[in-house]
Amino acid sequence: MPLAPVLTARWAEPQSWRLSTYERLDGYTALRTALSMTPDELVGLVKDSGLRGRGGAGFPTGMKWSFIPQPKPGETPTGPAAMPKYLVVNADEGEPGTCKDLPLMMADPHSLIEGVIISSYAIRSHLAVIYVRGEAVHAHRRLVNAVREAHEAGYLGRDILGSGYDLELIVHAGAGAYICGEETALLDSLEGYRGQPRLKPPFPAVAGLYGAPTVINNVETLASVPFVVRGGSDWFKEFGPEKSPGPKIYSLSGRVVRPGQYEAPMGTTMRELLEMAGGVRPGHQLKFWTPGGSSTPYFTPEHLDVPLDFDSVAAAGSMLGTTALMVFDETDSIVEATLRFTEFYAHESCGKCTPCREGTYWLVQILQRLVDGRGTAADLDLLTDTCDNILGRSFCALGDGATSCISSSLKYFRDDYVALLPPEEQARLGRSLRLEPVGVAS
Amino acid sequence: MSALPGSAEGTAVTGLDSSPVQPPAADLPPLTEQTRLEAREIIARYPQPRSALLPMLHLVQSYQGYVTPQGVALCAEELGLTKAEVGAVATFYTMYKRRPTGRHLVSVCTNTLCSVLGGQRIFDALSTDLGLHHDETAADGSITLEHAECLAACDYAPVVTVDYEFYDQQDVESARALVAALRRGEKPHPTRGAPLTDFRGVSRQLAGFDQYGGDGARAAAVDAEGAIDPTLAGLRLAAERGEAAPPMPHPGQPPADTGEPRETVAPSGRTGETPEEEAADARVAAADNPAERAGAAQAHPDKGAEYGQPRGRQRAGTENPPAAEPATGTTPPTPNPPRADGKA
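Note that the protein sequences, when read in sequence, are chains G and H.
Here the working numbering is used: the first residue of the first sequence is 1, the next is one more, and so on.
Here the working numbering is used: the first residue of the second sequence is 1, the next is one more, and so on.
Keep in mind that the hints were calculated from the coordinates and are not lab data.
Everything numeric in this text was worked out from a predicted model, so none of it was measured.
Do not take every clue at face value.
To be verified - Output of the computed footprint for chain G on chain H, the stretches with three or more beta carbons under 8 Å from beta carbons of chain G:
| hint | region |
| --- | --- |
| 1 | 90-103 |
| 2 | 130-137 |
To be verified - Which chain H residues stay away from chain G? Per the calculated CB distances, all over 10 Å, these:
| hint | residue |
| --- | --- |
| 3 | P69 |
| 4 | L79 |
| 5 | K83 |
| 6 | S127 |
| 7 | Q205 |
| 8 | R236 |
| 9 | R241 |
Built from N, CA and C at the ideal position, the CB exists for glycine as well.
Build the full structure now, drawing on both the sequences and the hints.
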């Protein structure tokens, strides 16, 4: 499938982050179109486009918007419908391997802001917040500047472009906590608490920020919205498969010749993307890769032809996640890689749920002794057993994500674990593999 | 993620105990009435005051370099919270420092991807050179060293940040040179991002204030460029190959004028047809009236190639029956359970 720059198309322009550049390249024309439509028409348009959330879960964006309770004509609204509505942008990019939203906000922050204004109008919100990861200071700087420019140009504030619609937009910096990328933890953090996930239901669409109806969308999702408005839903569906269409930013990193951002239609395969990135570094072979960040089960060379869209990746046993394609070759130890990821989850577990808090701690201990050559034959089953006791037993997906790399590496590369066991432990498994550990730092 | 209850760290940061592990430096600038006014300015930005707490803690760090007991008290007073409540939040987040920091914060990504490409070697070398472990500060107060979790720059791996500005594609020697320059009081320009200021300056920006003291310097920081080859890799390749997205039907026009759909470019994997054929078949099947159907059939790729025809793609499984499913009128996609990766 060919490259198809849409979201990335302006990135190489001189000062692409400036309003003048953005306006020269059709910026804010979608906003004018949107303001001439009714909010319901906009929700319908985005539903028809098939746009699904780019933050990892792939929930249909238009449907998410339609869950916001709105006053019915002729009735005095009560309950959530009577409350203010909020749009919150999840710009807390931190999933290992994921590096698409930061470059987008640095290179083209106005596309996000235009998407925010259109989406806020669609859900009848008058206050939106971009929760941007605290460490992302350059993205934060350009966002703050772009919001100021948009305000001065009348795209934000009171009576936007004479439409009578008002919107304020706050750029809010986080403070270093991966868990705040989970939408309800993000809300708690934005309310000034520790970022810990909330029990769902109620879902944020009914009781979100300050207990009011709230839509939380990812950066790339919202930046896609102006293009949906400009191109129409049929145009958007020309990219990729019917059930998860659209242009998608694929982020290749690791053992490839030209790591970077490659925007192509949903459903592009890793074989095609690897070719674009110049392949695996010369003299080496692909060993394992992640389709969507560290929380998505590993893939192997046998998955090179899986179309990278939400449904096809799920059918192949992983998750599309954030299309963060981390590439590892035969010199990389999958057990050590898995240990590193697991240390990350243990560090970032918020501590609210016991299985995740305690489980990730013990997973690190087990993996560490395996990497150190002190493991036992029973440890492999203990890993699986521990994962089984985390998966599905916590409020949010962090604990679930922590098990993905372990379960999938045991599934595809069990021999790599066995090779790390002392000979007598290998013998207890009934098969001495006499394998040399691969790539483990000595 | 946070201090263990009962640990020395824990007592230092709960706010219940006002004495930090290390006594405040003698030259620690006090929080003043100005700080308090700025805190109130932050509070005024939000519908509910407590939302200001995270930016207020950044503000405290912008004056004192870490979250001091005095800063905890100020936040608590302004927000009507207890010091314990503020301390509980401050200790949760990695960016809030519990001990005095150096002028610059040097963070080395040691998560998996950076680590295998050399990030761990960089951290180990710096740690050995400086005699510092994670989250420790050089005796001269020049830098604090830490290992960081993924900094969302994997395509630039291995990365080091100083005060969260990016120094991309580092190795042991370049990182050593960077740290040596910082310790001499120099400010090497980041490979991507604005001219280096310092940890307190960046904290001020994160609190929502101008750290540059003027429009000119602020604009220069916003417009600072850098080497961004990985960011542009796909875009440049597309230009080189002459590949582009399908053109919009009528750019800038209302979406009611969607015009003639062009060729779709991905297979569903279910029909054995090329994506063009599958989409075209679906459009023919879905057409509401004979005229539309004729139009759709006219645009069928069997009539001739158009945009989106993958180069050299073989027709696969042509013996299979054509698509039976219409392109419209299907139920919306079933959402995946919201547990993909800890993200929304």
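Outcome of the hint check:
1. 90-103: holds (count 5)
2. 130-137: That given contact is violated, which follows from only 0 residues of the region 130-137 of chain H lying within Cβ reach (below 8 Å) of chain G.
3. P69: With a cut-off of 10 Å, P69 of chain H remains clear of chain G, as the shortest Cβ separation is near 18 Å.
4. L79: violated, 7 Å
5. K83: Holds, since 15 Å exceeds 10 Å.
6. S127: Holds, because the least Cβ-Cβ distance between S127 of chain H and chain G comes to about 15 Å, which exceeds 10 Å.
7. Q205: Given a closest Cβ separation of 6 Å, the condition is violated.
8. R236: Violated, since 7 Å does not exceed 10 Å.
9. R241: Since the minimum Cβ distance to chain G is about 7 Å, R241 of chain H lies within 10 Å and the statement is violated.
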